[in-house]
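Required output: the full structure, derived from the provided sequences and hints.
Chains A and B, in that order, give the protein sequences.
144 is the number that the numbering used here gives to position 144 of the first sequence; each next residue is one higher, with no gaps.
157 is the number that the numbering used here gives to position 157 of the second sequence; each next residue is one higher, with no gaps.
These are calculated hints, taken from the structure and not from any lab test.
Heads up, some of the hints might be wrong.
Straight-line Cα separation of at most 25 Å, DMTMM-like style, residue types lysine to aspartate or glutamate; simulated pairs [said to hold, decoys possible]: (1) K485(A) to E353(B); (2) K498(B) to E54(A); (3) K498(B) to D232(A); (4) K513(B) to D549(B); (5) K59(B) to E470(A); (6) K16(A) to D3(A); (7) K16(B) to E337(A); (8) K59(B) to D559(A); (9) K485(A) to D559(A); (10) K196(B) to E73(A); (11) K293(B) to E4(B); (12) K293(A) to E54(A).
2 protein chains.
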Amino acid sequence: MSDEGERVNSLVSLLKRRGIIFPAFSIHGGVAGLFDYGPVGARLLRKVQNQWREHWISKGNIVEIDSPTITPESVLKASGHVDAFNDHASECRSCNAIFRSDHLIESHHTNPDSLDSEELGMIISNNGIKCPSCGEQQWHQPRPMNLMFPTRIGATGGGRAAYMRPETAQGMFVTFPMIQRHFRNRLPFGAIQVGKGYRNEISPRQGMIRQREFNMAELEYFIDPEAVFENDLSNWNDTRFQFIPDPKGGDSETIEMMISDALDSNIIRHPVVAKFMAETYDFIVSIGADPSKIRFRQHESDEMAHYATDCWDLEMFGSYGWIECVGIAHRGCYDLEAHELATNSNELRAWREFSKPIEVEKMVASPISSIVGPTFRERAKDVGDALMSLDEMPTSFPFNLLLDDGTSVSIEENMVEVKQIHDMIRGEWFIPHVVEPAFGLDRIIWHLLDHGYEITEKEGEEYLILHLSENVAPYELVVLPLFEKDGMSEIAHQIRTKLISLSGINAYYDGSKSIGRRYARADEIGVPWAITIDYTTIEDGTITVRRRDDQSQIRISHDDLIQYVSTNSLNTLF
Amino acid sequence: MSDEGERVNSLVSLLKRRGIIFPAFSIHGGVAGLFDYGPVGARLLRKVQNQWREHWISKGNIVEIDSPTITPESVLKASGHVDAFNDHASECRSCNAIFRSDHLIESHHTNPDSLDSEELGMIISNNGIKCPSCGEQQWHQPRPMNLMFPTRIGATGGGRAAYMRPETAQGMFVTFPMIQRHFRNRLPFGAIQVGKGYRNEISPRQGMIRQREFNMAELEYFIDPEAVFENDLSNWNDTRFQFIPDPKGGDSETIEMMISDALDSNIIRHPVVAKFMAETYDFIVSIGADPSKIRFRQHESDEMAHYATDCWDLEMFGSYGWIECVGIAHRGCYDLEAHELATNSNELRAWREFSKPIEVEKMVASPISSIVGPTFRERAKDVGDALMSLDEMPTSFPFNLLLDDGTSVSIEENMVEVKQIHDMIRGEWFIPHVVEPAFGLDRIIWHLLDHGYEITEKEGEEYLILHLSENVAPYELVVLPLFEKDGMSEIAHQIRTKLISLSGINAYYDGSKSIGRRYARADEIGVPWAITIDYTTIEDGTITVRRRDDQSQIRISHDDLIQYVSTNSLNTLF
Chain A
1 MSDEGERVNS LVSLLKRRGI IFPAFSIHGG VAGLFDYGPV GARLLRKVQN
51 QWREHWISKG NIVEIDSPTI TPESVLKASG HVDAFNDHAS ECRSCNAIFR
101 SDHLIESHHT NPDSLDSEEL GMIISNNGIK CPSCGEQQWH QPRPMNLMFP
151 TRIGATGGGR AAYMRPETAQ GMFVTFPMIQ RHFRNRLPFG AIQVGKGYRN
201 EISPRQGMIR QREFNMAELE YFIDPEAVFE NDLSNWNDTR FQFIPDPKGG
251 DSETIEMMIS DALDSNIIRH PVVAKFMAET YDFIVSIGAD PSKIRFRQHE
301 SDEMAHYATD CWDLEMFGSY GWIECVGIAH RGCYDLEAHE LATNSNELRA
351 WREFSKPIEV EKMVASPISS IVGPTFRERA KDVGDALMSL DEMPTSFPFN
401 LLLDDGTSVS IEENMVEVKQ IHDMIRGEWF IPHVVEPAFG LDRIIWHLLD
451 HGYEITEKEG EEYLILHLSE NVAPYELVVL PLFEKDGMSE IAHQIRTKLI
501 SLSGINAYYD GSKSIGRRYA RADEIGVPWA ITIDYTTIED GTITVRRRDD
551 QSQIRISHDD LIQYVSTNSL NTLF
Chain B
1 MSDEGERVNS LVSLLKRRGI IFPAFSIHGG VAGLFDYGPV GARLLRKVQN
51 QWREHWISKG NIVEIDSPTI TPESVLKASG HVDAFNDHAS ECRSCNAIFR
101 SDHLIESHHT NPDSLDSEEL GMIISNNGIK CPSCGEQQWH QPRPMNLMFP
151 TRIGATGGGR AAYMRPETAQ GMFVTFPMIQ RHFRNRLPFG AIQVGKGYRN
201 EISPRQGMIR QREFNMAELE YFIDPEAVFE NDLSNWNDTR FQFIPDPKGG
251 DSETIEMMIS DALDSNIIRH PVVAKFMAET YDFIVSIGAD PSKIRFRQHE
301 SDEMAHYATD CWDLEMFGSY GWIECVGIAH RGCYDLEAHE LATNSNELRA
351 WREFSKPIEV EKMVASPISS IVGPTFRERA KDVGDALMSL DEMPTSFPFN
401 LLLDDGTSVS IEENMVEVKQ IHDMIRGEWF IPHVVEPAFG LDRIIWHLLD
451 HGYEITEKEG EEYLILHLSE NVAPYELVVL PLFEKDGMSE IAHQIRTKLI
501 SLSGINAYYD GSKSIGRRYA RADEIGVPWA ITIDYTTIED GTITVRRRDD
551 QSQIRISHDD LIQYVSTNSL NTLF
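Next up, the structure:
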């Protein structure tokens, strides 16, 4: 096995052994693509989720919502998922095993994701691809398979067709009327959602990278496509980003530049996309990713999702190579328009006031009151309104005029005068555009673990350290009595109690086995700080603080400890 | 419509209008039993979830995990849900409408939940129950309908049967080996999970009370059934709880007593159940429920879930009457045993060390080395071990002896000597028992809203106030410039920025319409504090603080404001 393969296995085994992340339902034989976050991992997940929420909500015009995961078919028909959320599957005629067609030809095509059934079938047969299960070369033609988990709602008539949501985004689109009302109709604004997404993978692989049920976090940011965005990108003037722009048929090459230059040179096609790329980069680095293992890759035109007008992947590098972890897409008006078409809702548009009203000449069919009044009496006003709002002028008489209440009346030639009038148009309704950063949290967490995992040696034995950022480490501190006697244990418990009473601080007590074993156990799950209580503590109240990353130690009073922890500044002591 | 009905409608309309909670997918026609938490409601949900987590995790021996919602059939077959998670449905022969059979006869039986198909059918026919849709009296016989949402995992062979989880609890049972390892095998310990649960209701009603997808929060607390729990209940000596004990065939009556008395008099049957009932009560009150609208009702024996040995509902009173919001069940060893039976896993037990080892006499089939050695050579040790661990002594020879590696050998009479020996048994493996508090968060949130909703009058007009606890209010503060001019707007933005930089504090800025309108908008969504910036602020830096609950106001410096908010002590000023 390769060194890299051994390293992955060692990390995966640590994640399982220490209750971080492990395959789900294993006592029942397991299910590929489903994972549990255990007693240690669930805290890591929660902290990443909370950091993500804070990151966006602190912008001021972004709110969180929470929608159902069960989604009726009509919503996903409108969004395009029922027809287009597919992978191609190849079934072996000999052993009936099923594989993703694009995975079978990965070494024969640079972008197999973009091919259709026929192209995939051709490449499989031209290259004599063998079945990974049985070795035969007898394939059925690749066929598209929908990747949504189907279910049915209710009992009446066998129930109503539905799916587990493939993304959280549709929740924001279908509640757009509520979100717009919350912001009192003032674009731009955004809504986020943090929750489960589902994708019924044909053949899950690469561990946590390709799950069937995963933790998503998405922002849908609604903008007026005609608005001018003067986003200040100067915060990132000192950051060199790695970009792989759309090769447009040529080769992909990594270029390094400032984000503002990428926008100015039109590599990034929209200022809001550029801003969110930079914000996304900041978030990923703030939770502990290695900046040198982050790059942005632009989608090729034929690889873009069915709606996107500019789309970038934030890719992270790790044991599986470069992996897409965030997608930042300018979705245009695709989503809201699709739901408008499907539902005839009139609530999916925003109002744009013109800087000054536009004066127009227009033809109207004006009612002649002296005839319309006596003829229609109490309905005369409704008839007049209906005449005035006719888009096309009547060409023959009599004709049937539809009123607002659904009834109709017959209009004679003598009731109407067609004439030209002046009108003022103050604004217009339009479908907002959407820019969406969509995060796959499990993949990001995998890379935090991967980037932070160090296999080293101590006293001739393997020694494992997880260098997790303090911002996401499941426990900030561990409190260790040197021995569980002579009062050290009691002091340790007291200090732990004080620590966990501080907002956002988790600390655990560990008293069993040698102090070296306990440091090792804490290093393995990425605890940044170990506090040791020893005989000197009993004499003068000082404790030792050990830093995980370099295993250096200092001694301070335990009052100072509380102070430094509460201001999150232990690092300044070293 | 009744006053109560009007009040519910008014509250439901507020919840929708202000983006708190509303029926999901409404632009697509809606789906009964599915709801969205909107821009304001999602913060309420998050705060309730976080308070709940903190409440249990701070106990020290409880951890959070996060499991998949998609659950393979084998797990739910083992747990009993495939066979027993049913409601009875009655279908009308005339119009094909489907109803819950127990709902049809609610006014004809005190506990229709406990009846079987035949009993339900009898009561429906004896009482001439009419179809609520068409009025006819022609019913099919009630039949059990499984309430899980079905789905299929993967593509191979049509996929593998699975369901959306009906509870989060199974996640804790099937990961018990990991949880036990995390706690280094030291009972008692617990694991919590906060997430979605699914129940494919036959006919959802009562709005948020009966959802098809809902927010659950469950604790599974694992204990040694032989351990003695000396839980201190003296914290609750001043609290009178309302209990409705199992009537055992007689009438249900509410009694009021201390929790310790209920335990001592064996109304509550286990000390851990009593402790969790009290802790649950504390949680519900801490997030703002009205203590006079909380009671505990004990399940009757025939109503208890298929596993429970003592089960209490915490019921909350509101517009729909008394509603079960938390279930606190002693589940015995049912769950872990069920999974052990289904999987043969040997990891679902805990080890109990005897206080002193037990000396026993036992009969063994001891191998005679001089024969066994030469006969079986390198397998002699395995044969010897297998003989020594025989539970029953051989009665006839030769017999087939099964070895650990699955092979077997033939044993002759001259290879074995049956004799009595002394043995020391140091402990035993046992299946831990489980006590489970299971919370329906949406129902609890509904009751917080219901208890806090006040319809009052101001200047002759209806005035709405949501008295939400500061612990769960979506926004702690609103910052209001008296006018958006003369610098007041800038000061307001600065104060808001300072406020939201405080940990756990959310504040929004509102500048449009009259100050009275803005107070009203804030009162409607339960903002406890309104900060107003006026001309005096510009002169001397003081601001006014207005308290939602009594609309009283004081004036303090804005430095003091930050201080009081950061110590959560604004109330001490009034």
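Each hint tested on the structure:
no., hint, verdict
1, K485(A) to E353(B), "23 Å, holds"
2, K498(B) to E54(A), "15 Å, holds"
3, K498(B) to D232(A), "22 Å, holds"
4, K513(B) to D549(B), "22 Å, holds"
5, K59(B) to E470(A), "23 Å, holds"
6, K16(A) to D3(A), "20 Å, holds"
7, K16(B) to E337(A), "24 Å, holds"
8, K59(B) to D559(A), "24 Å, holds"
9, K485(A) to D559(A), "22 Å, holds"
10, K196(B) to E73(A), "20 Å, holds"
11, K293(B) to E4(B), "16 Å, holds"
12, K293(A) to E54(A), "24 Å, holds"
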